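Trainee: Read off the chains here:
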Amino acid sequence: MAKSQVSMKVNGKAVEELVEPRTLLIHFLREKLHLTGPHIGCETSHCGACTVDLDGKSVKSCTVFAVQANGADIRTIEGMANPDGTLHALQEGFREMHGLQCGFCTPGMITRAYRLLQENNNPTEEEIRFGIAGNLCRCTGYQNIVKAIQFAAAKLNGVPFQEAAE
Amino acid sequence: MIPGSFSYHRPSSVKEAVGLLASLGDDGRALAGGHSLIPMMKLRLATPANLVDLAGITELKGIRADGSDVVIGAMTTQYEVIGSDLLAAKVPILRETSLLIADPQVRYVGTLGGNVANGDPGNDMPAVMMCLGATYHVMGKAGDRRVAARDFYQGAYFTSLESGDVLTAVRIPVPAAGHGFAYEKLKRKIGDYATAAAAVVLTMSGGKVASCSIGLTNVAETPLWAEEAAKILTGSALDAATVKRAVAAAEAITAPASDARGPAQYRTKMAGVMLTRALARAKARARA
Numbered sequence: 001m002a003k004s005q006v007s008m009k010v011n012g013k014a015v016e017e018l019v020e021p022r023t024l025l026i027h028f029l030r031e032k033l034h035l036t037g038p039h040i041g042c043e044t045s046h047c048g049a050c051t052v053d054l055d056g057k058s059v060k061s062c063t064v065f066a067v068q069a070n071g072a073d074i075r076t077i078e079g080m081a082n083p084d085g086t087l088h089a090l091q092e093g094f095r096e097m098h099g100l101q102c103g104f105c106t107p108g109m110i111t112r113a114y115r116l117l118q119e120n121n122n123p124t125e126e127e128i129r130f131g132i133a134g135n136l137c138r139c140t141g142y143q144n145i146v147k148a149i150q151f152a153a154a155k156l157n158g159v160p161f162q163e164a165a166e
Numbered sequence: 167m168i169p170g171s172f173s174y175h176r177p178s179s180v181k182e183a184v185g186l187l188a189s190l191g192d193d194g195r196a197l198a199g200g201h202s203l204i205p206m207m208k209l210r211l212a213t214p215a216n217l218v219d220l221a222g223i224t225e226l227k228g229i230r231a232d233g234s235d236v237v238i239g240a241m242t243t244q245y246e247v248i249g250s251d252l253l254a255a256k257v258p259i260l261r262e263t264s265l266l267i268a269d270p271q272v273r274y275v276g277t278l279g280g281n282v283a284n285g286d287p288g289n290d291m292p293a294v295m296m297c298l299g300a301t302y303h304v305m306g307k308a309g310d311r312r313v314a315a316r317d318f319y320q321g322a323y324f325t326s327l328e329s330g331d332v333l334t335a336v337r338i339p340v341p342a343a344g345h346g347f348a349y350e351k352l353k354r355k356i357g358d359y360a361t362a363a364a365a366v367v368l369t370m371s372g373g374k375v376a377s378c379s380i381g382l383t384n385v386a387e388t389p390l391w392a393e394e395a396a397k398i399l400t401g402s403a404l405d406a407a408t409v410k411r412a413v414a415a416a417e418a419i420t421a422p423a424s425d426a427r428g429p430a431q432y433r434t435k436m437a438g439v440m441l442t443r444a445l446a447r448a449k450a451r452a453r454a
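Those protein sequences? They're chains A and B, same order as listed. My numbering puts the first residue of the first sequence at 1, with every later residue one more than the last. My numbering puts the first residue of the second sequence at 167, with every later residue one more than the last.
In case anyone wonders, no lab produced these hints; they're calculated from the structure. Note that the structure is a prediction, hence the values are computed from the model and not measured. It is possible that some hints are incorrect.
Pair ranges (Cβ atoms, derived) [said to hold, decoys possible]:
id : chain 1 : residue 1 : chain 2 : residue 2 : range
1  : B       : Ala-314   : A       : Gly-71    : 48 to 58 Å
2  : A       : Cys-42    : B       : Gly-233   : 38 to 48 Å
3  : A       : Glu-17    : B       : Gly-233   : 46 to 56 Å
4  : A       : Gly-71    : B       : Ala-403   : 50 to 60 Å
5  : B       : Leu-211   : A       : Ile-40    : 45 to 55 Å
Taking lysine-lysine pairs in the DSS-like style, the calculated list, with each CA pair at most 30 Å apart, reads [said to hold, decoys possible]:
id : chain 1 : residue 1 : chain 2 : residue 2
6  : A       : Lys-3     : B       : Lys-181
7  : B       : Lys-353   : A       : Lys-57
8  : B       : Lys-410   : A       : Lys-57
9  : B       : Lys-374   : A       : Lys-57
Looking from chain A toward chain B, a few residues come up when the C-beta cut is under 10 Å (computed) [to be verified]:
id : residue
10 : Thr-51
11 : His-88
12 : Gln-91
13 : Glu-92
14 : Arg-112
15 : Leu-116
Note that the Cβ used here is the ideal one computed from N, Cα and C, for glycine as well.
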């Protein structure tokens with residue numbers, strides 16, 4: 001099969017590659033660009049470990065062909081830290097609130113939560129849970145993942161984080 | 167999981183897409199959001215030699231009012247349906263239904279056109295479109311035609327679309343102001359297809375049902391329009407005895423498969439339970 005030329009912006013950097021049309025975006029990111037932050041979990045569009053931000057939408061990169069992302073602006077977990085190298089509020093929240101155990105789901109969780117907070121900067125706990133419903137944590141650490149996102153929302157809004165009483 | 171090889175086409179107009187699909191015949195498939203097709207390709211259950219990506223066709227996008235109808239372009243995503251103020255005001259059952267489809271990531275990409283055109287009995291929008299009396303705009307080799315949603319579904323993954331056809335838009339007659347509506351979906355978990363689901367749109371007048379329409383999801387090879395059940399309810403005050411008769415009539419037209427979502431008998435009963443709940447909620451929302 002003839003290869004297709006694709007160009008896109010990934011974490012602020014322009015990239016241009018030849019790909020087979022059947023190349024999935026997740027394989028393109030991991031194997032061509034060596035961005036191994038987005039993980040391959042279920043490969044069936046369920047788990048969300050491969051989530052990346054594509055033109056302002058959270059997408060499961062195992063269910064998008066790289067050719068479909070031609071011209072897109074993509075952000076992965078590798079592009080999440082602040083320009084000065086300090087952690088993004090979400091990354092800090094996951095560290096502070098123990099938002100990860102094995103860490104496999106974390107890049108997808110943070111990338112998804114990033115878009116969620118872009119759309120709703122002060123979500124309720126229910127909105128957070130509904131908003132990350134496409135991301136599975138098989139350690140089942142959801143309680144602390146939700147807290148981590150609340151921590152990040154508070155930090156981005158410049159208000160002190162108040163952990164809800166259990 | 168890696169799909170089989172294919173050639174990728176990205177037409178910029180419906181005409182070009184139809185021409186491509188017509189000339190490719192069975193070797194070509196239209197690609198909308200891809201969230202049904204790409205998983206099938208990864209499993210090699212679908213192995214199209216050519217994909218015709220509709221994403222570059224701007225005329226397939228957008229939501230607009232047209233007289234007493236709303237027209238939704240086929241490539242409009244579930245996310246855009248959820249965010250539409252026009253739809254929230256005119257046809258709110260669409261937002262309620264979209265929010266029950268899959269998960270946020272899938273809704274950003276999955277399209278209304280793909281959902282209704284695929285013919286998957288598990289998809290939620292087809293029964294809602296039958297309930298609403300929607301019409302599908304289809305462009306094919308011989309020009310464009312319109313097909314009623316209620317006539318469109320012939321079997322699982324089998325619709326009145328022919329090779330070379332592209333479903334371009336969905337036209338929905340706006341239900342009367344003050345109508346009640348509900349989509350009730352039983353699912354095992356977020357992201358799952360329905361064990362059974364029911365869509366209801368009704369109007370009330372003087373405490374009685376003035377009009378009623380019912381669609382059922384995933385309890386047969388096709389979505390179902392429960393015409394007889396709706397007829398039984400029309401003119402009633404939705405009293406318990408009449409609702410029971412209507413639910414029995416709706417259950418009678420189901421023919422679900424026994425699968426991981428439960429045995430057939432259970433799924434039929436759940437269709438009845440979903441309908442009962444949808445009727446109660448639609449009534450509570452209706453004016454007068």
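Trainee: Could you run down the list of hints and mark each one as holding or not?
Mentor: Here is what the structure says about each hint:
1. At about 38 Å, the CB distance of B/Ala-314 to A/Gly-71 disagrees with the hint of 48 to 58 Å.
2. Checking the proposed 38 to 48 Å range against A/Cys-42 and B/Gly-233 shows it holds: the Cβ atoms sit about 45 Å from each other.
3. Between A/Glu-17 and B/Gly-233 the beta carbon distance is about 48 Å. The supplied range of 46 to 56 Å therefore holds.
4. For A/Gly-71 paired with B/Ala-403, a C-beta distance near 57 Å keeps the hint of 50 to 60 Å intact.
5. Judged by the Cβ atoms, the range 45 to 55 Å given for B/Leu-211 and A/Ile-40 is violated: they are separated by roughly 20 Å.
6. Restraint check: the Cα-Cα separation between A/Lys-3 and B/Lys-181 comes to about 25 Å, which is no more than 30 Å; the hinted pair holds.
7. Restraint check for B/Lys-353 and A/Lys-57: the C-alpha separation of about 25 Å stays at or below 30 Å, so the hint holds.
8. Under the criterion of a C-alpha separation no larger than 30 Å, the hint pairing B/Lys-410 with A/Lys-57 is inconsistent with the structure, at around 44 Å.
9. Distance hint between B/Lys-374 and A/Lys-57 is unfulfilled; the C-alpha atoms sit about 45 Å from each other, more than 30 Å.
10. With 10 Å as the threshold, the beta carbon of A/Thr-51 comes within range of chain B, its nearest partner Cβ sitting at about 6 Å, so the hint holds.
11. For A/His-88, the interface hint is violated, the least distance from its beta-carbon to any beta-carbon of chain B being 20 Å, above 10 Å.
12. The interface hint given for A/Gln-91 is violated, since its Cβ lies 20 Å from the closest Cβ of chain B, which is over the 10 Å cut-off.
13. Hint status for A/Glu-92: violated, given a least beta-carbon distance of 23 Å to chain B, over 10 Å.
14. Checking A/Arg-112 against chain B: minimum C-beta separation of about 7 Å stays under 10 Å; hint holds.
15. Annotation: A/Leu-116 was flagged as interfacial toward chain B, and the flag holds, the nearest CB pair being 8 Å apart, inside 10 Å.
When the structure is compared with the earlier hints, violations turn up for hints 1, 5, 8, 9, 11, 12 and 13 and for no others.
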